[in-house]
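Trainee: Given the structure of chain A, go ahead and fit chain B onto it with the hints provided.
Residue numbers (our numbering), protein chains in the order written: chain A, 1 to 149; chain B, 1 to 500.
Simulated from the structure, these hints should not be mistaken for laboratory data.
Just so you know, even glycine gets a beta-carbon here, dropped at the ideal spot from N, CA and C.
Treat each hint with caution, since some may be false.
What the hints assert, rightly or not - Sample of chain B residues facing chain A (criterion: CB under 10 Å; computed from the structure): (1) D202; (2) P410; (3) F425; (4) V450.
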Amino acid sequence: MEQRQDIVLGLIFVGLGIAAAWMATSYNGAGGIYPMVLGIILTLLGGAVALKAVRARSTSERTLIDAPSKMITAVVTAVIYVALIVPLGFYSSSFLLMLALPIALGFRQGLYALIVALVFILVVFLVFSVLLEKPLPREALGPLLGFGG
Amino acid sequence: MEFYTQALSSVLTFWPLLAMIGATLLGVFIGALPGLNPVMAIALLLPLTYSMDPLVALAMVAGIYNGSMYGGAIPAILLRIPGTPASIATTFDGFPMADKGEASKALKIACWSSAIGGIASAIALMTVGPLLARVTLFFGPAEYFWIAIFGMASVGVMVGSDPIKGIMAAVLGLLIGTIGIDSLSGQARYTFGQTWLLGGLDLIVVLVGLYALPPVLQLAEKCDLKGLSAAQLKLTDVPFKPGEIRSLIPTWIRSSGIGIGVGILPGAGGNIAAFLSYNAAKNASKDPDSFGKGNPQGVAAAESGNNADNAASMIPALALGIPGNVVAALVLSALTIHGLQPGPQLFHQNPVLVGGFMMEMLITSLLIFLLGGAVATRVFAQFQRLPGVLLVPSILILMCVGVYVINGRPIDLWVMLLAGIAGYFLEKLNVPLAPIILGMILGPMAEQSVRRALLISRGDATELLTRPISATLAVATFLVIAWPIFKAIRRKKANAAAVE
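Bound-form chain A, shown alone:
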């Protein structure tokens, strides 16, 4: 398992190195030589990792993801959250995330999650929007609730 993972890792870096070196051939002068050299070194190092794994003949196990369903749930929820930040607004999407992610991960105390979500979002609002006055994506529900958007 570990051996196969390292071979794939090495080959990915070989691919990255070759792509970087090849793209650098289109850059002029010293501005191209430096990334080209780096690409070649990355290719060699990736090759060394893969070769070392091939020669090691290791049979040891290395778990890549400890709890795949939980990890995938977290990643997918994070992707949906990031996708919703601009259309829905920062605070609305964050509030939804605070409720949805713990529940998706198996947390069943809805009221507890709701209280933590409200307190946390309030603290974030006070720190970032009131104290630091940082501009964040506007709330889509703002005009409907009379906040002016």
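Mentor: What follows is chain B alone, placed relative to chain A:
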């Protein structure tokens, strides 16, 4: 001396003081929560400091760094769960002490030891830093090129379990550092026609992704739905025996020395300092068998060792512009955010700022004495009753808000997510993440230095090796890279001989 009195008067004003107190408390809280670490916290904090006074921003970095190193000892002692990687060695004797009903005593020793280690380290920074900066006035582009390469090679070789993967990570960081407009020729590199890539990838965006997302995903995988019960966090007071505190003094001195030495070396972090200090205390003890069974000397050694690493790791960062670890890299980022160039000129052009930061490292170490006592520790321990599963979305929101406010671009959120997912898998495959960040920071400096050196010498590459300092640094770099290869060959030969 005037350097420090001026700096002290700037630091002892309302906002820097408030920032130090708040950040030290926040640091202890972050360290006390397993899954959160100082790098993650400082990375999340940096984007918010853009509009702040540099001394206030650096006060927050110093507070979080020193506070979290002590905070990591709280779950290490109470639960045998190291709050940060640097507190692993604290579990060896801290938890057996708690098991014997001496948790409160162990926490007091950890608090005092952390403060003493931190103070010793800050004094080392204040004395060695300016001296080293003076030496670097003799450096030209060739020396800067080699010092950047030496820093990266050391970190690449030392931080991970596989030196090839470490160096590979550093080269990847160097390549990422070339994305955007080349400052010398003006041509766009690896931008794929995207205008948002012309300025390169933002270091903080990549750093927040690499360092904050993997622990968040691991917290989600652990899926802690309950938190800890009040009974698990109960502390009872046990008085110190006569002479017990005095017997810790030699350990504090020895471990602080070790921590400072390790801190100056690039690549070696607080966990190595703690392990070395723990082993040294065990070797020096008349009763080494008592270690691992609740010996207070073990807690004192580990905690003073890991805190003594903190300020010392800033010595090469401030004097040479070469960060030895990721927190030092973050401090350099904080300086560059405010338009300051790390390196020898920093000491001459901004003495109040450099001296002020050194003072802040010292004051936040002193604050651990005041803020990290048993009462505060009881309060911080209560945060561990919060179910881990509720921390996952909270940190994710802080990551997004921190990254978004840097440039106000949604694309940065996607870059952060991608960097985080890549970081999660790279860590699992034993590819260290620190060299990637150091490569991104040092890459532009290494490239500009080598190209300037070649321009000065009219393309003569021997210029990079013929000056005495650059030649020494080149040899040192070669040795750093060759040493693990030499060790591997020797191990192989020994194994072959054993088989025969």
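Trainee: Take the shortest C-beta to C-beta distance between D202 (chain B) and chain A; is it under 10 Å?
Mentor: Since the shortest Cβ distance to chain A is 16 Å, the answer is violated.
Trainee: Using Cβ atoms only, decide whether P410 (chain B) comes closer than 10 Å to chain A, and label the hint accordingly.
Mentor: 5 Å, holds
Trainee: How about F425 (chain B): closest beta carbon in chain A under 10 Å, or not?
Mentor: 7 Å, holds
Trainee: Does the closest beta carbon of chain A sit nearer than 10 Å to the beta carbon of V450 (chain B)?
Mentor: Status holds, d = 7 Å.
Consistency note: the structure conflicts with earlier hint 1 alone.
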